[in-house]
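Q: Residue-level listing of the chains:
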Amino acid sequence: MTLRRKACIAGAYEHPTRKAPDKTVAQLHAECARGALADAGLTMADVDGYFCAGDAPGMGAVNMLDYLGLINVRYVDSTETGGSSYLLHVAHAAAAIAAGKCNVALITLAGRPRSEGSSGVAPRAVVPNVPDAPWESLFSPVTVNMYALVAARHMYQFGTTSEQLAWIKVAAAAHAQHNPHAMLRDPVTVQEVLDSPMISDPLHKLDCCVVSDGGGALVVTRPEIARSLKRPVINLLGAGEAVKGQLGGQVDLSWSAAALSGPKAFEEAGVKPADIQYASIYDSFTITVLMQLEDLGFCAKGQGGKFVADGNLISGVGKLPFNTDGGGLCNNHPANRGGITKVIEAVRQLRGEAHAKVQVPNCTLALAQGIGGLLGSRHGSGTLILERA
Amino acid sequence: MSTMSQDRPLGATITDAATEPFWAAAKEGVLKFRRCSACAKPNWYPRAVCPYCFGDTDWEASKGTGEIYSVSVTRRAGPIPYAIAYVRLDEGVTMLTNITDCDLDALKIGQRVKLVFKPTEDGNHLPMFTPV
Chain A
1198 MTLRRKACIA GAYEHPTRKA PDKTVAQLHA ECARGALADA GLTMADVDGY FCAGDAPGMG
1258 AVNMLDYLGL INVRYVDSTE TGGSSYLLHV AHAAAAIAAG KCNVALITLA GRPRSEGSSG
1318 VAPRAVVPNV PDAPWESLFS PVTVNMYALV AARHMYQFGT TSEQLAWIKV AAAAHAQHNP
1378 HAMLRDPVTV QEVLDSPMIS DPLHKLDCCV VSDGGGALVV TRPEIARSLK RPVINLLGAG
1438 EAVKGQLGGQ VDLSWSAAAL SGPKAFEEAG VKPADIQYAS IYDSFTITVL MQLEDLGFCA
1498 KGQGGKFVAD GNLISGVGKL PFNTDGGGLC NNHPANRGGI TKVIEAVRQL RGEAHAKVQV
1558 PNCTLALAQG IGGLLGSRHG SGTLILERA
Chain B
7 MSTMSQDRPL GATITDAATE PFWAAAKEGV LKFRRCSACA KPNWYPRAVC PYCFGDTDWE
67 ASKGTGEIYS VSVTRRAGPI PYAIAYVRLD EGVTMLTNIT DCDLDALKIG QRVKLVFKPT
127 EDGNHLPMFT PV
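Quick note, the sequences are listed as chains A and B, same order.
The first sequence begins at 1198 in our numbering and counts up one residue at a time.
The second sequence begins at 7 in our numbering and counts up one residue at a time.
Think of the hints as simulated: they come from the structure by calculation, not from any bench.
Hints are supplied without guarantee of correctness; some may be wrong.
Derived EDC-like pairs: lysine to aspartate or glutamate, alpha-carbon spacing no greater than 20 Å straight-line [to be verified]:
1) K120/B / E66/B
2) K124/B / E73/B
3) K1427/A / E1313/A
4) K69/B / E34/B
5) K38/B / E66/B
6) K1298/A / D1243/A
7) K47/B / D1329/A
8) K38/B / D62/B
9) K1402/A / E73/B
10) K1220/A / E1313/A
11) K114/B / D1449/A
12) K47/B / D13/B
13) K38/B / D1329/A
14) K1298/A / E1421/A
15) K47/B / D1449/A
Covered stretches of chain A (chain B as the covering partner; in silico rule of three or more C-beta atoms under 8 Å from a C-beta of chain B) [said to hold, decoys possible]:
16) 1218 to 1228
17) 1323 to 1336
18) 1436 to 1447
19) 1555 to 1563
Glycine included, C-beta positions come from ideal geometry on N, C-alpha and C.
Go ahead and model the full structure; you've got the sequences and the hints to work with.
A: Structure follows, in structure tokens:
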């Protein structure tokens, strides 16, 4: 079974908050759900499929559906691949719709890491019975250094430079200046990235995404339903998912799981990387973007540094406009998970509803890509290719 | 620039059926990994069931030498900078570890390293590496 044009993204909503000390995580989920359904022109009663991941408190759908009051749900999925989960949810929702298991699927994400004092240099919680934990946790892997190891190896193997990585942040900031909700709205230069404090070699502070509260939600529907609504019809053309680890000890940091999920999505969609007019690429760190661009085939392996340099990711300037909302690097990284905002900005671009300064003219084909978990050890990847009908 | 490594407090190890023989060998100064008795491939982190063929595996001693596959000096995750690294052992598996007892700023990918053990809070010995 192919998912090509079997489902549509009919609703999308990004919570405007970036700091929410006075709200609960469940409340943020509900506000996002309300926003996405209103955007689609649907109601609570229409929702018969629900998708959430590890940011949803408690036992996922069990606690959330009770809180949200969604009583017509007959299909649930709590697939968890970190920040990439929500891209997989879109694909799983499409599969469930194609199989007749539901008609209107709601996906929610929300969290308050900023209010709760989370950061990318904090020790990661050790959960009992996780098989890798005894062999790794005492060496103090934190989020940032498990991405820095990939960046260091890329520089060694391919000659990538800090200046090239900095261009990714420069492009995100160039877009974020037009987003009134973005946490960081000031344009930055390559030199400012290089001059920011070194967090974990070779990643500087400005190579890292923001820590923000907030959330987002998506509504995925059967195509007939999407066509009956008042919003532009956004079809899912192709999807891929993959998980990569340490390969039993044959660690290879030169490629990510996007090298597996990307080709599957392109094959299903029947398009090539050169056809993509806009790309949302998960930017937990600058190196995350560079790895995914190479692994998706936007450039050859090892050529990512050259590809991103000189503003090639800036809308209106370069060949591949990316993260026109400012991305995780500048706009928002709710729940420390950037997957859903990647889909939301791709939907905005396809609807022609991105900010006028960053809108890609006549954008009909877009890609949304995410990597969740730790790029340097174990991570999941989801790739979506979307078209405006 | 130079940043001499400092020993930082190491918490308690996780001891279970998978790790107990490993910590016992470490106390004797030996780094152990596991090799499949069916397909003969080594694996890391150590698994009782081979991640290549689902065969049974046995412990084997490493010579404790290898080279740095990747390294990052983490400067802003607590008061003491430290080097996290992947080291590829000469036996052909790559393990997450720390590089210590050296100038952290001088570390390079490809550099030869050898095993050193550092004591943990619960009296076990954690395998780290230092430049040869």
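Q: Each hint should be assessed against the structure and marked as holding or not.
A: Hints, one by one, checked against the model:
At roughly 17 Å between alpha-carbon atoms, K120/B and E66/B fall within 20 Å of each other, so this suggested pair holds. Restraint check for K124/B and E73/B: satisfied, since their Cα atoms lie roughly 19 Å apart, inside the 20 Å limit. Our distance criterion of 20 Å between C-alpha atoms is broken by K1427/A and E1313/A, whose separation comes to about 39 Å. Taking the CA atoms of K69/B and E34/B, the gap is near 13 Å; set against the 20 Å cutoff, the hint holds.
Restraint check for K38/B and E66/B: the C-alpha separation of about 5 Å stays at or below 20 Å, so the hint holds. The straight-line distance between the Cα atoms of K1298/A and D1243/A is roughly 14 Å, inside the 20 Å bound, and the hint therefore holds. Our distance criterion of 20 Å between C-alpha atoms is met by K47/B and D1329/A, whose separation comes to about 19 Å. For the suggested pair K38/B and D62/B, the alpha carbons sit about 16 Å apart, so the restraint of at most 20 Å is met.
Proposed proximity of K1402/A and E73/B is contradicted: the alpha carbons are some 29 Å apart, above 20 Å. For a cut-off of 20 Å, the pair hint linking K1220/A to E1313/A stands: about 12 Å separates their Cα positions. Restraint check: the Cα-Cα separation between K114/B and D1449/A comes to about 17 Å, which is no more than 20 Å; the hinted pair holds. Distance check on the hinted pair: K47/B and D13/B sit about 34 Å apart at the alpha-carbon level, beyond 20 Å; violated.
At most 20 Å may separate the alpha-carbon atoms for a hinted pair to count; K38/B and D1329/A meet this at roughly 16 Å. Between K1298/A and E1421/A the CA atoms are separated by roughly 15 Å; this keeps the pair inside 20 Å, and the hint holds. Restraint check for K47/B and D1449/A: the C-alpha separation of about 17 Å stays at or below 20 Å, so the hint holds. Coverage of a stretch by a chain is defined here by at least three residues with a beta carbon nearer than 8 Å to that chain's beta carbons; for the stretch 1218 to 1228 of chain A and chain B the count is 0, and the condition is violated.
Proximity of the stretch 1323 to 1336 of chain A to chain B, defined as three or more residues with a beta carbon under 8 Å from a beta carbon of that chain, is established by the 10 residues found. With 4 residues carrying a beta carbon less than 8 Å from a beta carbon of chain B, the stretch 1436 to 1447 of chain A meets the three-residue requirement, and the given coverage holds. Evaluation of the coverage hint for the stretch 1555 to 1563 of chain A: breached, as 0 residues show C-beta separations to chain B shorter than 8 Å, against a requirement of three.
Checked against the numbered hints above, the structure violates hints 3, 9, 12, 16 and 19; every other hint is satisfied.
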